[in-house]
Amino acid sequence: MSPQFHGVAEFLAMGGHGPYVWSAYGVALVVLVWLVVQPLRRRAAILKSVRQVLAREGNR
Amino acid sequence: MHPVRKRRLLVVVFIVVVSSIGIGLATYALRQNMNLFYTPSQVVAGTVPEDVRIRVGGMVVRDSVMRAAGSLGVSFRLTDGNGELLVHYTGILPDLFAEGQAAVAAGYLRSGPALEADQVLAKHDENYTPPEVVDAMKTGHAARAAREADAQGSSTP
Amino acid sequence: MARKWQWFHRLGSPPGFYRASGYWLPWLAVAAALLLGVGLVWGLVYAPPDARQGNSFRIIYIHVPVSFLALAGYYVMAAAGAVHLIWRMKLADMVMTAAAPLGAALTFLALWSGAVWGKPTWGTYWVWDARITSMLVLLFLYLGMVALRLGFSNREAAGRACAVLALVGTVNIPIIYKSVDWWYSLHQPATIRLTAAPSMHPDMFKPLLVMIVGFYVFYALVLILNTRAEILARERRTGWVRDLAAGRNQR
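Residue numbers (my numbering), protein chains in the order written: chain A, 1 to 60; chain B, 1 to 157; chain C, 1 to 251.
Please keep in mind that the hints were generated in silico from the structure rather than gathered at the bench. Treat the hints with care, since some could be wrong.
Said to hold, decoys possible - In silico PhoX-like cross-links for lysine-lysine, where the CA-CA straight-line distance does not exceed 25 angstroms:
| # | chain 1 | residue 1 | chain 2 | residue 2 |
| --- | --- | --- | --- | --- |
| 1 | B | Lys6 | C | Lys4 |
| 2 | C | Lys90 | C | Lys4 |
| 3 | C | Lys4 | A | Lys48 |
| 4 | B | Lys6 | C | Lys90 |
| 5 | C | Lys119 | C | Lys178 |
As the list claims (entries may be wrong) - Covered by chain C, per the in silico footprint, the following chain A stretches (three or more residues, Cβ under 8 angstroms):
| # | segment |
| --- | --- |
| 6 | 1-14 |
| 7 | 20-30 |
| 8 | 40-47 |
Quick reminder that beta carbons are idealized off the backbone N, C-alpha and C, glycines included.
Isolated chain A, as found in the complex (with noise of 0.2 angstroms):
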């Protein structure tokens, strides 16, 4: 198993396919890290509103 293409222009341009393929992947890659990052700050969104309430309890 050896790579297909000789040089990084040559793997950037895909044979001539180049912005299909790249916008293909870049469009995943951006939606794919959305997903990630989306629940992981809702979370700390909502830790931080009830440390508010705690907070806002505790001072009375």
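Start from chain A and add chains B and C according to the hints.
Quick look at chains B and C alone, frame taken from chain A:
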């Protein structure tokens, strides 16, 4: 199972079955419209509406592609094994368009019958093969054909 | 109640699931990253190009796995809906809620990667083909699930309405699968079948298999992440979430 849950389970089964039947009947009624294209034999048999834009799909007949000199005009025949249809098209063909491969042409039917296409799409199959394997298969076929020709030549005196 | 069901009831309770899934997450994340990384490099760099399509065929390594999960994810969502309808299980409703945006994102990716693959191979980005149109219906079903949830102020009613929509929509999944066999379609038939060898050279098929397994793990990872966020959002006023936020003897 608890009787209340049993009733709910029946409701769930009911929803799935009823919607399946409903959508099944709808797709059955629409079955011709669900097809992307007609076949050449349907066109030859005259079962295809005229004066509306239709799509015809089939195999591009080998040695039927004729390119007009000095323009993008091209004509070829599509077949489904039973009937053939002539297609005229002016424009750039997709990369995968080739003789002996499937294609779908869209346009209006003219007398003849012939299809005056304004769009030609290539249809590819579900087989994926590396180029070296294709080359090896071609050489293999050629070698076998040569052997068979040899064998026939020697058996007939 | 039989003792063997105890683990199930513990896992079926939102805090129990939250705690248990916390231990699974690192393993799932590492497995998904490894499988997707290996599959991606293998598919993009080492797999041979297709004899007819050239390198545009490499889009298959993203298109087929996301399409698989877009369909399988609908069954996950509908099964969770059925469990919620029958047993009124809170966790099932949360899983159903978590599966909808994830499925919509994967269906969008399947349509997008299919469009940019269609242009160099078929000669068009889009065609109103039975396979592609039924996939678009799937996207609207997923988006409808998200919208329906937002449309209700009563959570109980929203859960039941979403479960019914999810169950009705399951009809679409076999239609998507079989559309290329039932009707004349521009889309090619399935390459991978349960009943036959794949119509693909092994050098091209192995990286595809790695990507598919990788996407299954990725799906499980994101579904659990979404479910955990949903659990916290719904139980934010309970004692255990307060303890968790304050960092008191919790994971």
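How the hints compare with the structure:
no. : hint                  : result
1   : Lys6/B <-> Lys4/C     : holds, 23 angstroms
2   : Lys90/C <-> Lys4/C    : holds, 21 angstroms
3   : Lys4/C <-> Lys48/A    : violated, 38 angstroms
4   : Lys6/B <-> Lys90/C    : holds, 18 angstroms
5   : Lys119/C <-> Lys178/C : holds, 23 angstroms
6   : 1-14                  : holds (count 7)
7   : 20-30                 : holds (count 7)
8   : 40-47                 : holds (count 5)
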